[in-house]
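Asks: Given chain A, work out where chains B and C should sit, using these hints.
Listed here are the chains, written in short residue letters.
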Amino acid sequence: MCQNTTEIPDESRRDFLGALTASVAGAGAIAACVPFVKSMSPSSDVLDKATVEIDISKIGMGQEKTVAWQGKPVFILHRTPAMISEMESSKGGKDPEPDSKRIQQPEWLVVVGICTHLGCVPNKTASGWFCPCHGSVYDNSGRIIAGPAPKNLILPPYHFVSEEKIVIGKA
Amino acid sequence: MSKKIVAWIDQRFPLSAFVKHELTDYPTPRNLSYWWGFGFLAGFVLVIQLVTGVFLAMHYKADSNLAFDSIQHIMREVNYGWLIRYLHSTGASAFFIVIYTHMARTLYYGSYRRPRELLWWTGQLLLLLMMATAFMGYLLPWGQMSYWGATVITNLFSATPGFGEDIVVWLRGGFAVDDPTLTRFFSMHYLFPFIISAAVLIHLVALHTVRSSNPSGLNLADKDNIPFHPYYTIKDLFGLGIFLLGYFAIVFFKPDLFIDPANNVPANPMQTPADIVPEWYFLPFYAILRSVPDLAGGVVAMLVSVLIFAAMPYLDRSRITGGARYRPIYRTLFYVFVIDIFVLGYVGAHPPASLMKLTGQIATSIYFLTFLLLPFVSRWEEGRLLQSGKLPADVVDMARKEIEASHA
Amino acid sequence: MLKTVYWISTLCLTLIAGTAHASADLPSIQRGAHIAAEVCNGCHSLKYIKYKDLLSIGLTRDEVNTLRGEKSLGDPLKAQMAANDALALFNVVPPDLSLMAEAREGGPHYIVELLTGFAPGADGQTTNRVFPGIKMPDIFGIAQADPAARKEIEQKAIDVAAFLEWAADPQAEARKRMGRGVLIYVAILTALFYLLKKKIWRRLK
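Protein chains in written order, with this note's numbering: chain A, 1 to 171; chain B, 1 to 408; chain C, 1 to 205.
Isolated chain A (complex conformation) (with noise of 0.2 Å):
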């Protein structure tokens, strides 16, 4: 096919047809990485576990309700009329937010239970939450109030689906 061609474009034409083959093979390669970098995302059953419903008719007032979602701990806090009058005058610590802006329905505090600072679970107190790796203390808007921790306790998403249900997570 090319036994005409001068030495010359004979060795520019390898050269391209060096680069095109090495670029074709190492695009292949890329693409073959895919599937297996995919492969450590959630599972389809994984992403199942995505929501729960949980039934809040059973926690009294004042107390609070730890359930699994996605694997972390959510807490789920049913507050009394003058936690709530206190949540709402305060403006919280460090981080700080309006508690308004925190919840759905005043009586209802849902937050991840995960501090802040690096990932202990805070235990319950009556003011809020002390986290016991590190000392850090939330209030009952899940607000930091003093320790170390950056940031206020995350919101997950939710929704009531009646008076007695909340679905966590995107649905």
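Check the hints yourself; a few may be wrong.
[To be verified] Here are the simulated EDC-like pairs of lysine to aspartate or glutamate, each with C-alpha atoms no more than 20 Å apart in a straight line:
#1 Lys52(C) / Asp45(A)
#2 Lys176(C) / Asp256(B)
#3 Lys47(C) / Asp63(B)
#4 Lys78(C) / Glu154(C)
#5 Lys38(A) / Asp256(B)
#6 Lys78(C) / Asp48(A)
#7 Lys47(C) / Asp96(C)
#8 Lys254(B) / Asp169(C)
#9 Lys176(C) / Glu77(B)
#10 Lys52(C) / Asp69(B)
Calculated directly from the structure, the hints in this document are not laboratory data. Treat the numbers as computed from the prediction; the structure is a model and nothing was measured.
Replies: Using the frame of chain A, we list chains B and C on its own:
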């Protein structure tokens, strides 16, 4: 920039010298055919198996109650799990196809001959390791074939004189194949590939010491050697492309080709499937096992049938180089042997009815006869050929020199 | 050289064409899904199939809701009969059907043959041609059916087998789609390797 980095490394580690010595300057015979590309392919398949295996192990559960379900979890729920599993299950068969071809090339061209005995033996070791790995991996899906295959093969050790039963119990970690067997097979199945990788390095060191053989069988002059890179890198890559076409055709369009239907039934220790067959790559040896009426005899025959390849450098007493190329009788023996292996494979896949059994016994005899006849046939053919005057002069020269050396 | 390029591409095209089955018959699979969930599921589990999986073969949400009743979308199709009851009744627990189409020699074809293989035996008992002594009753009553009913039953058997074939290998379609792309890519890459090899080796002449 990259030059600077390489220079920095070279002061501390002989990188450039290594690349030069083993790749860009490594002298390779220029007349190698595509049959010489199967070693590279085997290395490539080893990498496929290692990578897919590591990713499968992230999702697989080595527990007799969970193993079967975890495979279905991989097939149905893990992202691309089906792809990774089919790459691995098809890869096992591809590995044997490649290795058997690699061995056949060695046998045909007499590449096992002096000075390549050690190269051949490290290859033999690799084959044994591969067989062990494949056998243990086959238990992991915990299907009916997995279970009964492992039961039958571990039972072979009961043929050991004196304490056979104890060995079987020890191997299984119980009185039957069960959870302890599964967990230890998984452990070993994960370990062995790394031993194989180390053995491959040894194989390559041996290869680069004695250099590649070539189809002419002659020791080539310097001008007939070319650098491995780029000539053989690109030739091997083309071969790889052809291989991948076939491999992917199976992975994507016929992935159950190498999966026995019975292995889609969970293991049931109370019921053996109607006819159990090993994976295709064990069939010839399985046929030899069954052809000997006595259990201990069968086990010995099967062991010998695998190990006897190691004796090839001594069984083949001809000093004419090039294997089957210049030796018509050896060539005939080679083809008879290959056909015989296919016959044995066919027999191994079928229930041992009377005609099948007889065929198996004849084929088994031929299998061993080819090895037993070889020392006599090869020496006799050597004399005949040297006198015939039909051989190329340099082949005769080489043979004469070797004969003289052996007298001295 | 052109010849070789041609040879490679032909090989690939034949491979692709030869192995690409006609797309699965969706309506048949859907009818089969109803039969499997309404009839077979009475005794057999389909534990690797969840109700929501049925959406992916085109059943509507309403259809799936009717099939699942009280159960949630994420539940597997467990057998309605408890294993112990089945054991007492049939002396054997009916096997799970999710992998059945790949667990017998012959696959879906075997299932059709099995379901339509019932016939009145010599002693008045119903027997099965492909599985003599089977403990499963003649589900569709084909042994007593007249020719018109027979036709209908045969179609049902084909439909349920088609569904079980899908159930055993739900990724089959995605796999083949991806396979076509991969084979075409490798064919191009191989052709490039070939050209480059020719080019490099020409330096030796």
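Asks: Hint by hint, note whether the structure agrees.
Replies: Taking the hints in turn, this is what the structure says about them:
no. : hint                  : verdict
1   : Lys52(C) / Asp45(A)   : holds, 12 Å
2   : Lys176(C) / Asp256(B) : holds, 13 Å
3   : Lys47(C) / Asp63(B)   : holds, 19 Å
4   : Lys78(C) / Glu154(C)  : violated, 26 Å
5   : Lys38(A) / Asp256(B)  : violated, 24 Å
6   : Lys78(C) / Asp48(A)   : holds, 18 Å
7   : Lys47(C) / Asp96(C)   : holds, 7 Å
8   : Lys254(B) / Asp169(C) : holds, 12 Å
9   : Lys176(C) / Glu77(B)  : holds, 18 Å
10  : Lys52(C) / Asp69(B)   : holds, 19 Å
Hint violations for this structure: numbers 4, 5, all remaining hints satisfied.
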